[in-house]
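Heads up: the protein sequence lines correspond to chains A and B, in order.
Residue numbers 1 to 262, in the working numbering, belong to the letters of the first sequence in order.
Residue numbers 1001 to 1398, in the working numbering, belong to the letters of the second sequence in order.
For the record, the hints were derived by calculation from the structure and aren't laboratory data.
A quick note: this is a predicted structure, and the numbers were derived from the prediction, not measured.
Note that beta-carbon positions come from the ideal geometry of N, C-alpha and C, so glycine has one too.
Worth double-checking, as some hints may not be accurate.
As the list claims (entries may be wrong) - Here are some chain A residues the structure puts well away from chain B; computed CB gaps all over 12 Å:
no.	residue
1	Asp11
2	Val63
3	Arg69
4	Asp74
5	Leu86
6	Val101
7	Leu136
8	Gly153
9	Gln198
10	Gln246
What the hints assert, rightly or not - Straight line, CA to CA, 20 Å or less: simulated EDC-like cross-link-like pairs of lysine to aspartate or glutamate:
no.	chain 1	residue 1	chain 2	residue 2
11	B	Lys1368	A	Glu97
12	B	Lys1368	B	Asp1393
13	B	Lys1368	A	Asp253
As the list claims (entries may be wrong) - Just a sample of chain B residues kept apart from chain A, beta carbon distances all over 10 Å, derived:
no.	residue
14	Gln1010
15	Thr1033
16	Ala1042
17	Gln1052
18	Arg1064
19	Thr1069
20	Leu1091
21	Lys1154
22	Glu1268
23	Pro1270
24	Ala1293
25	Gly1369
If you want the building blocks of each chain, they are given just below.
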Amino acid sequence: MIRPDAELLLDISDLHASVEDQPILKGVNLQVRAGEIHAVMGRNGSGKSTLSKVLAGHPAYRVTGGSVRYRGDDLLTLEPEQRARLGVFLGFQYPVEIPGVSNLEFLRVSTNARRETQGQEELDTFDFEDHVRERLKVVQMDPAFLDRSVNQGFSGGEKKRNEILQMALLEPVVSILDETDSGLDIDALRIVASGVNQLSSPETASILITHYQRLLDEITPDYVHVMAAGRILRTGGRELALELEQIGYDWVDEQLAAEGVV
Amino acid sequence: MVNTVLTPVQKRGQANLERLGLPTRRQEAWRLTDLKRLEAMASLPSVEGSAQHAWPSIHQGVTRFVIGTGVDPLEGVQLPEGVSPLSEAELEQALGHTLDRCGCAETWPVELNHARSQRVLALRVRGSVAPLEIVLAAGGGLVATRVLLLLEEKAELDLFQVIPAERESAAAPLAHSHVIEVHLGQEARLRHGVLASASDDSSLLAHLAVEQEPRSSYDFVSVCRGWRFGRLEPRVLQVDGQATTRLTGLAMTGTDEQFATHTSVCFEGPEGSLDQLQKAVAADRSHSIFNGAIQVPRAAQRTDASQLSRNLLLSNRARVDAKPELEIVADDVRCAHGATVSQLQQDQLFYLRSRGVAADEAAALLLKGYCCDVVDRLPSMAPSWLASAAINDPARPL
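One chain only, chain B, in its complex shape (with noise of 0.2 Å):
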């Protein structure tokens, strides 16, 4: 479906984008980034991406869809129980409302996305339905998707985000720019896994805004590797407190590349939680980027927050910058955090050497050792994704 909603939204977007102009280092939130790696991304051509052979075929029980390839993403695909798709009435009224409650509508990466999104996927989840892999396709140029997810009260899913970069040519620059909107009823839960991963002339614009009712829980995992220039942004909302949120995340970056991870999460309300482990393994001479905003305002009395950022650098030319941004008002509250940024252990190096295990694959080892506790936490369609060719990279394992 090419959603008429899109329409006016696009001709927005493309005026604000205008208007707003390209970012500058001046901003805080865009001052460590390579913002001519940002407008080479920009200036790419929209294209429909397709569907490719590497993929892994789909778990039983699992249902999967394909987006920007410019066919319906529903088109072919039987929905599950208690999978429904928005009509455009529902989708007008409830498209951008959680962009706006988490105060991202207007930011740059979402506007991109405005003025370049043709379709959007959008569903409601009713009780618990079995798990919804989505995969973005890929394309020579930039690929715009937009999701829309309203999970009612008490319903609960697994939601697995696959975004693959493969190329028809090698030689065209690829690009994604995604939005997913999630709204999270009273006492639902999302378990959310997103493997981003790619190689060569790649970029990455993702951006998440999740809206959480209380008692609701979601639990966000995210493994991002091998993007030249990738920005994820996932930003969360507690609206009225009391609701759980979990945010596990690792950035794999090698060679020249470049990824930031933006995280905000925001408790409106009292007596929230956060659990939020962000892990980035820098190597060569790449830069990776954390920034972990949590917002505790007056209201949001005996909320209970903790953030750890553990960085490992592969490579004495590698940078890591990362930054906790926290912004307590409330008095009543447990709010913690830490950053660590080590090198590989070399005891544990010499431990695995002196067993015969070459140093390379000791290294190898200790860094699958390392990332381990984020991967693992994907949902069970990931290691077939992991092991695919299309994800698959045997110079960095997983």
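Bound-form chain A, shown alone (with noise of 0.2 Å):
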């Protein structure tokens, strides 16, 4: 839903980051404002992971230029875990295994770092059991995985459902769903799709990485961009994603042949 006076949530400028010395985003301009949702296309190797992890604080990557605020904040000089407190969400491509952890005390650590930034009480082990079972509804998700150890032993699909749990968990203001449709089958994506659908509100907003349409037939973006050697180079409605599934990304490297950049 696109409001012009809508918060601006994230404001991207001219962002420069690298990966072990290697440049990856080379200057991303992204705006996104409450209610909105944006999906993020683009080849491999066109920095989109690359921009869901600076974004979410991830140590191995180095911002070298530009600025990200966060509800007119500074988002870079925080902590990963402050970032996740006060409302930014990862959903991770490759949800990692603990094993040793139990599902249910992360889902309860990280719930209870959420809620005291939010000056809400933190929940008890009782309390927490019974919230969250309210929440597995969101992705028809089966108690018995809140006994596991992290997503360990968890199919594909299994990671990503958990990954929207945590999501529904933790109310983000603005989330970030790294290829969270790949490895799903249509049953699974459909699920998924639902659960970002649910938590969707005019209050907060999402970016969608993805290579596919097919999320983008469950989820509605109000923005499509389209990266590209480490920015966004161009940036449409729905219609951009559907186009894309004609014609492909080779126009992609004409203009930026145009543009002398490669």
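Got two chains here, separate frames each, mind docking them using the hints?
If you want it as structure tokens, here you go:
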């Protein structure tokens, strides 16, 4: 939902970042307002996942230029946990397995960290169990997953559902979902997409990083951006995704060549 | 009971200690040991320990023995059905037998214990009995304790040993010298857990000798943490093979602590099995040592043994030495071994942090996750000890 007067939640300006001294992001500009859903598309290696990790504060990525303001404040000076507590959520492309750490305990610790920042009371073990069982419905997850170690032995689809469950518990303001649709069958995709739709509101925003139109059939974006060579090359409405489906990315090479980038 | 049987043992022990002298780094088993700490420990006076208020209450159905206090550990204890004390005559016959068979009767830590211990808790177990808990009382000085257990054919027992290191005065160094001998008759089953947790200037020399008859099962779980100087030596002998041994251990070190685990399993007959997992977590400037000997002589055909040593380094100044030592003569055997050294996984840390978990809390969660496959295998009495003021260390949670 585009409302020009809605709060500017995320303001990314000329963002440059590298990993292991290799520049990946080379001037990303993006503004995200409350209520909006943005899709970021592009070939492998175009910098989409790097953008998501930089926004979440991954220590392996170094910001070399530009700025990111989250609700008016500098996001880049914050530790990853501070960003999460303030409402920035990254749904991982490859959710990490953590043997020996109970999913339930992990979810409770993270939920309480966010609640504390929001000025809400911490939930004790019993209250949290009630709360999490309610939220499980959003992603139609079996409560048995709560007793297992974080993501360990989960199928690809179960891991992604666990990500959306975390999103449901943390109630983020800006969600960045990095290829949440990859590796999902049609049913799992619908469940995950329905979860994201249920959690969307006029006060929050989502950035969906994806390769495929099929996710965007389920979650309608307000904006579609095409990333290439570490920046956003083109921005359009939802029709741009459909167009990409037809024409692919060959035009990207031509445009980059015309700009003298490659 | 002050065991008169021990009087000649003490004399022999003292004479042997003098003859042996302190171990030197030229001896392979002591090559990496901080011998100054060993010497400091050995020079501590013998003392009697005392029971502490911080100990958790006794679980229902569990019998607790407190040893090392100077009081007869059987005094005031109602022995469960199937458990009986050994007579002096039986004790004379059985004491030291398993140590001899395991080839450790004349090692330095055992001789130190021989020279110092005044009492032995000696029990015979028949049939399936209720769990036993043995707590080692500590004091400012060296407390020497000794246990002998005879599990008869088909006997079954859960045994939990707790070695806390509380002290009356923080200034006094504290040490435990402990020896336990266990004989498992045919088809006997022993689940044996040891929780040894200390802080500050504490030392531990613990020696376990276990003899297994065919078709017996010995499942040993040890969790050791916080000893400035420590050495745990479980030695298992399968006298005719065909027995099952499982060894699971966790050694956690921090500050400038040094802890060594020397395990030895010998198969003297065919078709025995061993499943061993030894974990270490080394932080700060600490040093963790693991030496895992497995002997498979010609008679031990069709032995099935596996040993895995996993080590987690929490600081780049910490050190881990892990050494498998397999002697295999028999040709029809399966003996697998492996060792890994790693650090906390950065991707796991970031994942937790990206969900709002603070960096130190995330590291503690990961550490707990790393340790839990050992800690969770301790007997059912363990959680209340882990939560008690006697053991719990908020800075180093388990």
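### Message
Does aspartate 1393 of chain B sit within 20 Å of lysine 1368 of chain B, going by the straight-line distance between their CA atoms?
### Response
holds, 13 Å
### Query
Going by Cβ atoms, does alanine 1293 of chain B stay more than 10 Å from chain A at every point?
holds, 28 Å
### Query
Is it correct that the beta-carbon of leucine 1091 of chain B has no partner in chain A closer than or equal to 10 Å?
Holds, since 43 Å exceeds 10 Å.
### Query
Per the stated criterion, does the least C-beta distance between glutamine 1052 of chain B and chain A lie above 10 Å, as a non-interface residue requires?
holds, 30 Å
### Query
Is the Cβ of valine 63 of chain A more than 12 Å away from each Cβ in chain B?
The assertion about valine 63 of chain A holds, with a minimum of 16 Å to chain B.
### Message
Just want to verify: proline 1270 of chain B was marked as not at the interface with chain A; is every Cβ pair farther apart than 10 Å?
### Response
holds, 35 Å
### Message
If we take the beta carbon of lysine 1154 of chain B, is the closest beta carbon in chain A still more than 10 Å away?
### Response
Its Cβ never comes within 10 Å of chain A, the nearest being 35 Å, so this holds.
### Query
Once the closest CB in chain B is found, is it more than 12 Å from leucine 136 of chain A?
Per Cβ check, leucine 136 of chain A is outside 12 Å of chain B; nearest 17 Å; holds.
### Query
With d taken as the least Cβ-Cβ distance between leucine 86 of chain A and chain B, does d exceed 12 Å?
Nearest chain B Cβ is 9 Å from leucine 86 of chain A, so the label is violated.
### Query
Is the straight-line distance between the alpha-carbon of lysine 1368 of chain B and that of glutamate 97 of chain A 20 Å or less?
holds, 15 Å
#### Entry: Assertion that glutamate 1268 of chain B lies farther than 10 Å from chain A (Cβ)
holds, 36 Å
### Task
Test the statement that aspartate 11 of chain A is away from the interface with chain B: the closest C-beta pair must be farther apart than 12 Å.
holds, 21 Å
Hint compliance for this structure: hints 5, 6, 13, 25 are broken, all remaining hints hold.
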